[in-house]
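A.B. asks: Residue strings, one per chain:
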Amino acid sequence: MAKNLTIVVVEKDRDRACAIVDALAETGSHKIHVLAEVSGLARSITKFAPDVVLVDVTDPSRDAIEQLAMASAPLERPVALFVDRSDAQLTKAAIEAGVSAYVVDGLQNDRIKPILDAAIARFQMFQRMRLELETTKRALEERKIVDRAKGILMKARGLGEEDAYALLRKTAMDQGKRVADVSQALVTASELLS
Amino acid sequence: MSLIPLCAGFIPLVDAAPLIVAKELGFAEEEGLALSLVQAPSWSTLRDQLAFGHIQTAHMLSPVPVASHMGLIHGLPKLQALSVLSMNGNVIGVSPDIATRLADAGYAFDFADALDAGKAVATLPKPLRIGVPFHLSMHAELVSIWMDTAGLKPDLDYQIHAVPPPLIAGAIKNGDLDIFCVGEPWGSYTVDTANGTLILPGAAIWTAAPEKVLASRADWISTNEDSACRLIRALWRAGQWLDHPSKRLALAEILARKDYVGVPSDLIDRALTGELVVTKDGDTRRHPGFLQFHTNGVTFPWQSQADWIAARLTQRFGAAVRDPKPDAQTVFRSDLYRKSLSNLGAPMPLTNSKIEGGLSQTTEVRAVSGSLSLAQNRFFDGQTFDPHR
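Note that the protein sequences, when read in sequence, are chains A and B. Residue numbers for the first sequence follow our numbering, so the first one is 1 and each next one is one higher. Residue numbers for the second sequence follow our numbering, so the first one is 1 and each next one is one higher.
Bound conformation, chain A alone (with noise of 0.2 Å):
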């Protein structure tokens, strides 16, 4: 039977963090070691040794996980090799969802793509969560622009909401614009009005 393999998680968010490390635990019992701290990375991740890193495709601090992917320095023993590309695919499928992976080198595949395939799909839903949210935010503050618009319209020229609103929509029919825009011009320019 092979050893129980080694995993570093570089994860800074607690909820993602415990929520990679569940759904790899259910790939067999690996050793998850979670490192939230930027400061020293390629040394604490050197000092595990580890046999798969996982870390979000955008985090900026890759860049020094990737140096260890090379024997620079005769007295640094070489810790991980960036993924094996043999399986493209799968690396392709792992940066799409957002994870990159670095694996030592000749640890087999099939070895690797069931923890690849549960980092993956838990990336995946981050990213729709991170969509929903995004969208959700966004048309909360365009409702808001767009009521201040309605009060703005109403105030100064004695419509009613309805009014207000039709107001808006037709401008921003006729001008090929987004109903949000035209508020949002005429709060900006409202407020440099006033």
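Treat the hints loosely; a few may be bogus.
As the list claims (entries may be wrong) - According to the in silico footprint, chain A covers these stretches of chain B (three or more CB under 8 Å from chain A):
#1 117-128
#2 131-143
#3 156-167
#4 290-304
Because the hints were derived from the structure by calculation, they are not lab data. Where a beta carbon is used, it is the ideal one built from N, C-alpha and C, also for glycine.
Keeping the supplied structure of chain A fixed, place chain B upon it in accordance with the hints.
C.D. replies: Frame of chain A; chain B shown alone:
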């Protein structure tokens, strides 16, 4: 005519300016390209985005395409440089603790003499921890020739650590680094936010270092040669625009935007004017030609530059190198550059190689038609590199 959609990646740095200007000022569109730009969080991610075809071209560290031909980038497709985006533009700085030690030792902080700075640094406690943005970068090459000349040995006396540019300031604050070499605005940012002190411009080590290149996948270039040529032209014209001192103000404002570099425009101005604030107390030092985009044949992808980089990488990475002498014409595409720009009246040199380190001042040389002025090309230690020897 419908535009050809093209996506380019960049890292938030002042020297991403040619790509940003090509899009914002419409030079790309005039060449028939619908150019979209995406900011990448790290050099490795930018490289992967190129490799997997998420983007077609990128603002890239000049050693990366060379390394991709030397077997130093494991399992990724080969990259080629279409043109050089910028010359010089890095700064070397030190932590507050090291600045105090250097001041106590009587160092002059002239922001000019790299030999002198090297001697001063060589007296510091070792090993020195030096941060550079990426292990395959001009920064790493400049720092290592600077240290070697000062008589310091890699690993024993100094260690090079990869620290992403926006995180350098934090690393200095935490005491994780003694010295850093980084592109602007992140050196200035480290002065302002982490009390770093700038001691040298990169140009003090090599006055003509090809810093960033426009890189694409070799197979993409061979199947999309027409698009590649349009890109080269758009960037050449963008460079022409942004080399005008009168455009500096507008340029700083455009770069300052959050989706581009995302720092205040006065911080960006420092690199553009070459007038750098070197300490938190506001001491300034001027270095003419601190960062150059266009004049003096900056954008020509010289094969001798690729050869110099290959020789350096071989020296630093020894055993990991599979091909120590990649064919420079398939790495830095001077042929495509000539072909793209022949109709725009860009002066072309007679050869694709020159002696690196061989010009003590800006020099007028004969060109294919008329003449061409070449930037001063000098190493601080007087070394010259003849690719044919």
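A.B. asks: A separate judgement is required for each hint: does it hold in the structure or not?
C.D. replies: Do the hints match the structure? See the list:
Counting residues of the segment 117-128 of chain B whose C-beta lies closer than 8 Å to any C-beta of chain A gives 0; at least three are required, and the coverage claim is violated. Counting residues of the segment 131-143 of chain B whose CB lies closer than 8 Å to any CB of chain A gives 3, so the stated coverage by that chain holds, three being the minimum. By the rule of at least three residues with a Cβ nearer than 8 Å to a Cβ of chain A, the coverage given for the segment 156-167 of chain B holds, with 8 such residues. Given as covered by chain A, the segment 290-304 of chain B fails the check, having 0 residues with a CB less than 8 Å from a CB of that chain where 3 are the minimum.
The structure shown violates the earlier hints numbered 1 and 4.
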